[in-house]
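Whole structure, please, built from the sequences with the hints as guidance.
For the protein sequence lines, the chains are A and B, in the order given.
When you line the first sequence up against the working numbering, it's residues 40 to 996, in that order.
When you line the second sequence up against the working numbering, it's residues 504 to 985, in that order.
Calculated from the structure, these hints are not laboratory results.
Glycine residues also receive a C-beta, built at the ideal position from the N, C-alpha and C atoms.
Some hints could be false.
Residues from chain B shown here face chain A by an in silico Cβ test under 7 Å; the list is partial [as the list claims (entries may be wrong)]:
{"hint": "1", "residue": "F674"}
{"hint": "2", "residue": "P677"}
{"hint": "3", "residue": "T983"}
Taking lysine-lysine and the BS3-like style, the derived pairs with C-alpha atoms no more than 25 Å apart in a straight line are [to be verified]:
{"hint": "4", "chain 1": "A", "residue 1": "K965", "chain 2": "B", "residue 2": "K690"}
{"hint": "5", "chain 1": "B", "residue 1": "K880", "chain 2": "B", "residue 2": "K804"}
{"hint": "6", "chain 1": "A", "residue 1": "K965", "chain 2": "B", "residue 2": "K982"}
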Amino acid sequence: MRLSVCLALLAAGCAFALDVDSLPVWNPDYLVRGNAPLYPSDTTDVSRSKLETHGYKTMQVTVGDGGTQVDQEMRLSIQGFLTDDVYVDALLSDVDRKAGDQTTATLQEVDQIYFRVESPHFLLHLGDFTWHDDSMGLFGFERSTLGAMVGARAGYSEVRGAVGTDEVERYSITFNGVRGQREGYSLGTGGNYLSVVPGSEKVWLNGVELVRGKDYVVNYAGGLLDFKGSLVPGNDDEIRVDYDAYDEDNVYTMYAAKAKYRHPNVHMDVSGFRLENDVDRLKHNSWTDDDYRMLKKDDGSEFVRDDSLGQLVRPTRTDRMGARLRVQGDHRFYADLETAMSRKDSNTVSHKVDGPEDRAFRWYVTSDSSYGLRKFPLAISVYGNYIGEEFGSSEFVGTDRDWNSYKLVDEWDLDSSGISGNLRHDELALRMRLWDNLFSTVKWGYRRADGEEWNSSRAAVGFMHDARLVHSELELVRVASVQDLERTRYQATANAEYRQGLVRPFGEMDFRYTESDSIGRKGEPLYEVGYGRSLGGIALVDDGWNVREALGTKLAKKRERLAADGEWEDSLVTYVWQQSADANWRYLQLNHMLQYEYSKLEEEGDQDAWVGELNANFGNRNECINGSVAYKLGMTEEQTYVSVYKAVAPGTGDVRYDSLTGVFIEGVDNGNFVYEGKGRNDSVGAVLASNSAFNADLEFRPASAFGIRHGFLRDIVLGGSFGSEGEDTTGHHLYFPPVTSSGLKEITSGTLSWEGRLEWAHPRGITASYSPGADYEKTLSSYSYFQETFWHEGSLGYQMTENHYVGANGRLETVDLTALQVLNWKIRDGSLRYRYSFLDGFHVEPGVRYRYGDGHDSYGDEFDADLKEGSLRVGYDRDDKVNAFVQFAAVQMESGGDAIPYQMMSGYGEGRTYRLEASLSLDLNKNVSVACHYVLRFGDAEENIFQKLSSEARAYF
Amino acid sequence: MIDVNERLQMRMARDSRAGWTLSVLPFLAVLLLAVLSHAGDKCRIASIAWEGEHSEFDEAQMAGVVGKPCEAWLVMRDKLVGYYENHGFVGAKLEGSLDSAGILNLELQRGVSYVWAGAENLDSSGTKPEVFRKLSGIEAGEPVSLSDLERSERKLSRLGYFEKTAPTRLFRDPVRNRIFPVYSMRKASVSQAEGMLTYSSEDGVWDGLVDVNLYNIAGTARDLILEGYTGDGSRHMSGSYKEPWVLGTNWNLVVRGRFDEEMYGDDDAVEREIVGELGVTREIGFDFTVGVFLGLSEDGKLSSFEMSYVSLDRFVLPRSGWRIDGNLTWKMDRPDSLDNFLKAHARMVKYMPLYGNFISRFSGAAGGVFPTDATVKRMDLFSLGGLDSFKGMQYHMLRSRSYGFSELAVLWQDGYDLSIEVFYQPGLYRPMPPGHGWAREQGYGLGFTQYRGNWSVNIYYAMRNGENYLDGIVGFGLKTLF
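This is the structure:
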């Protein structure tokens, strides 16, 4: 095309000759803004990509008396379409890199990084990613790793492959619930601290996989599991959690691939992975030469290091591969066939050590897989699997969890720990449609080891009625198993539920009768066991709200078989009451859950367990009343959270440790620590604790409540808040957190605080407020710590004109502290200030303050001190963009040489202190802001001249 | 009727933007025509007959077409007309007709000559008008040259000070034979400043970084660059300042200095270098710059000669053109323990559009210290590693007496603000003792650059010599531009 145009141009002899007369005439007025003639802009130069980079960068520098502290953080995210169908997503996040070497880092050193390009036909992912493979029934694989993943897709086929390296270890734990404990299940062994890879966990409750965020949450830093909603596992509920946790001494390399073909009638999957320890890196980073020699010589026998170092873990390799075929015809015939193999090398360094290797198969064939059996009222299906003994079905579990321990006990009377040999399971099932929505199922299944060391057969007949309004099921089961004992169980289960309407009753029950018989063994007491469980209730459901009430029982009785005086004895009696309510209305948002369980156990006697949670918000700030209430009750293994202070370069922090009282004091000039957040108090260890918390906040405006238009009451707001939290590890049950200080003293740890508020604001510019309050705190630490603070605070203000303001503050505070020392003191503090604003943003503010404190210690030694302060502040504020001030204060403190608590005189020493504080915060534009803060202290009360400069720059883009 | 300015744009676009793909097309066309004409009926120009006023120069120029195929004179005509267009006669026309006897009748209408008026700018350039005129490279009073106009537009675009918002247009003076080149160049955000400085009184250590790049300070074409950092075992600080057109001449005065301190070896030996240099640079034509510097360091004197040729199409994410820099430094008057030496260094980059948004970049650099057996300090050697040299190495990872590398990169540029590239960089360097001979170095990786509003983001990931990808380098730069 271009060629032809050029040829045409040449042939026509088009020489370029400028017709100067047709040029526009220059007019110097064009240079005046807005006068320039408009020409179309050069669009090629201003075209912008649809890909956008966003993120932030912050840099904080604090220069203190003894050193400097630099903190940097950067996060960058790139997202958008490269072309119409190529999508890019990338992220880089880096924290705490030193200023000097910020330009480069190796891939491992960067906190999080990935780059992903995706189109309908291909995928490339570099950096951090999670490989997720759940295409197989016999095994599954999920791993968070750092590496590369590629994928291609065409037609019905898709292929993906990945290589990655990580320093995580896969854990799988199974435990039972604790009655009354909904939160704080420790995932580590022995309650030690764990760093779980975020998002790597899978949780099953009684073999049912739970949904992250909805059914449970995991506290990844620490490894604790909290159940949510109305899920409260009890003693007979089995919880299984698989997760990855960071482990620096375990470098793994992962190779994984999967392919799938998805024809409407044929689904094919092939997938596999290899997970092995990266011997080169371990040799380089973790192992000593001796370790390596020892690993090479390993012959599978005892493997203990000579020195006192920790256990040396053998480098391993696991290979798994599987293939699966699913075919369907006529939307009813269906077959699912799968095979898998597993091979493990227990020490990849040593030639003398090999590992287990085995295969597994699984099949499912049915004549009608449709739910309603619409084409033919009868369906036959065959299900079965064979799992080799060395296959290792408990690791890397797939979607078909046929041999999971809960199912084995609950349905087959088999104890998973006693199961050995090659596993076989066969099942034949018949499903019939008897009536329009009425179905019946007849099933017979048989599980055994190859050599019949144990077996179990299960026959069941079931009926199901599934209509739009009601769903009900009934099933009769007989299970006969031979393991340690020979057992026969007869079971009936039923459930029914209304699915529509305002009132929706529901109920379920499960009755079992089990006989056990010895297999020729003498001396074993043989029992008949009867077990019954039922739960019934009612749910009210409407737009925006629902209420659910349920009552349940669990009863177990047993008697010795063949005994002459065989009497039925109670072995377990449990009653459960569950209540939940949700409402989302305009003036009230409520979320409530309460569960009570009473149980009488043969061994443990009577037990009560309560779990509850309530969160409510009512009203809003424009209404006469608004507030919130929150209440929580339960048991937890979660250790108490304590404030964590990070040591920084001396003088650069704002928290200091007062050795006299043994407490950390926040908000000081010359600190050696900074507050880092709340952390778990690991020194205490994980113990089951009873825990309860209550918080309430209320605000009341009489003017809107009673329609008052005039007078004092018109301008008044009354308010108050109350907060309390308690925890007890001594076996005492807390149903409500302590409300008095003596109540707080009786439990292990907790806090209690309350505050009242009375505010008056007259339209003429006069304001007054009064608030009494108290704080009580008891912490669990190596020494007993209890602090009581009680205060009254009042303030008065008068905005005389637009530019003149005068205000006064008074505070009376009593502190009783029992820590390293026992100290009681009282503070009276009063201040007065005047503010003059001028020149659109500037202000001058002189002020005076007087503070007097006196107290005594446990030996009766008294101390007192007073403080006089005069200050002048000059400041400038503009449109929230510039905020600057300089404040100079002269402080005279007299204590007569007594040792006083640091807080009592706001951290000032005996004598005279001059303090200069300057601050500037500036928003350069909508993306960049800088702030600077400087403190200078000198005078005869100070040992040295103290200076601190901290600056911070923040950029968002 | 197409507007004159639009025809001007068409011509400039034909000449420049399309790069080599388009520029070779006319030659191909001529070749094709020549082949076609040879293959068919052999029409040839027998002689030339001139009409009207013309010069011997014109006759000499066109004489070459005698005996050539009939169409060949068109190419010569364009050349001649182009000559006049670039020498003030912007309205020059050459008309011709070929009769059956093969006689070419030519008539040249040269028209009146025009001179340039001072360059003007319609957009807000943030630059003083007289500075803008100087930067444009177009001198008032000189004969109008359309190629200079095009070169000047490219020059302004690659300075970095401006962003072109509309095509350049010509205006005429109503009373005199003057033509105004009128640009639409908006001030671009390319300056940046970032800094941090801390001092610990406890161990008396300064720590920090400074990165200030101020271009076109207050619209006066003065540039100030300051860079420095303290890292583990090394400190670096360098700065340069350019005062343009000193004393009204075409020479720019440049002052620059450098401070380097490095700890090396097992015994943490410290080596330090402080250099101050003063020099002049000047532009020759639109693309060349030369510079001469004289300097002092704590252990000698140095003089250097620098040359650069830049024909990139723009400053931010160029798509076509060259950049070649050469530098020769002679360091003399050294203490007895050290030798005088010559340090030579050159680098080049060539951008070439491939297809659509794909662009290729070839680059290479080489440097050496001569004589090769001269005794020099560690600091006198080249510092390798980082974005400017071997990307797969850590920043300033090693020192070398001589090195060279070439790089091939394929870039994908979206719009004018985003670029994604893959690069392969083979190279060689002389390792420090006890190493000897040449060490091979291979780097390869991916890069990403985006300019968005007042931000520029640059990330690259580079690996070297087949090392584990976990040890690959992630380099990142984030700049706030103003």
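Hint check:
1. For F674 (chain B), the interface hint holds, the least distance from its beta-carbon to any beta-carbon of chain A being 4 Å, beneath 7 Å.
2. With a cut of 7 Å, the hint placing P677 (chain B) at the interface with chain A holds, because the nearest CB-to-CB distance is about 5 Å.
3. The closest approach between the C-beta of T983 (chain B) and any C-beta of chain A is roughly 6 Å, which is under the 7 Å cut-off, so the hint is satisfied.
4. Our distance criterion of 25 Å between C-alpha atoms is met by K965 (chain A) and K690 (chain B), whose separation comes to about 20 Å.
5. A threshold of 25 Å between alpha carbons decides the hint, and for K880 (chain B) with K804 (chain B) the separation of about 14 Å falls inside it, so the pair holds.
6. Taking the CA atoms of K965 (chain A) and K982 (chain B), the gap is about 16 Å. The hint holds against a cut of 25 Å.
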